[in-house]
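Visitor: The listed protein sequences derive, respectively, from chains D and G. Everything in the first sequence is counted per the numbering used here, starting at 1 for the first residue and increasing by one. Everything in the second sequence is counted per the numbering used here, starting at 1 for the first residue and increasing by one.
Bear in mind the hints are in silico, worked out from the structure with no lab data behind them. Fair warning: this is a prediction, and the values are worked out from it, not measured in the lab. You can trust all of the hints, since none of them are fake.
Identical copies carry no separate label here, and so any pair may be met within one copy or between two of them.
Here are the computed lysine-lysine pairs in the DSS-like style, where the Cα-Cα straight-line distance is at most 25 Å:
1) LYS53 x LYS70
2) LYS53 x LYS35
3) LYS146 x LYS59
Number of protein chains: 2
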Amino acid sequence: MPAHLRFGGGLGFSNEKMINILIITHEDFGATLLKTARNIIGEQQFSAAVSIKSNEDPKSVEIRLEKIIKAFNIENGLLILLDLVGGTPSVVCTSLLKKFNNKIEILSGVNLYMVMSAFTHRQKLTLLELKEKVLSDAKASIMDLKGNFFRA
Amino acid sequence: MPAHLRFGGGLGFSNEKMINILIITHEDFGATLLKTARNIIGEQQFSAAVSIKSNEDPKSVEIRLEKIIKAFNIENGLLILLDLVGGTPSVVCTSLLKKFNNKIEILSGVNLYMVMSAFTHRQKLTLLELKEKVLSDAKASIMDLKGNFFRA
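Given only the sequences and the hints, what does the whole structure look like? Please build it.
Guide: Take a look at the structure:
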């Protein structure tokens, strides 16, 4: 499997009802982020990380992502965790939103806690509920340690 | 240089007044995060990424981190970007906060936008101002793309 595409425990092809998780980042920190989350909370099927090079053509990225999305059981829904708004990844994501509108949701600002939250809650929630949960957990994960724990 | 410790452009030993940036994560996605941020916004001195294994002894991690912190010019201040609160990294960070109290600030929830924000603003701001700027940029980077750009 090419380095830019690492699946977390395989895409999975059972009929199990589980929201799919796709991490999309500039370059390949998404793959190590996925690996770290799996090492902490356990093996995860129906998940993948895709890295996009800064100079990649948006159209070819889109074709690549569409293939991956179609390999998932998209009927179960897909939560995309994107690194940031700006550059090729988010341009392509806006295009994907139009194509798979009611089957995918996209959150930017991916960090370790968001990936862990998505994995932890995806079996119990609808796609919309999962998006809201991960969004709320994401905001809670951004913390000023001194302000929170060591106020003078 | 060992894989767990990758310096972004070297620690740097000039007297240049620049706040140091240290990324601390479970395992090694911090190193690729740092590399990605540097590839997007350019070479960065006075920055490093440290990975911590889940089963590492907190005391030995603390000794390792103290050595790195002392290799920086700590008088210029140090902003630590931590992956999440929980586990060995944050246990050690709370201990570091006590030791280097007025020279370091720590934010959790590190994502690509936080690293880029820290690099972009660290020459113009005080440590406290930088912490507030990165905190505010971090919260802004967490976005619901459909909600923001595609409201029906």
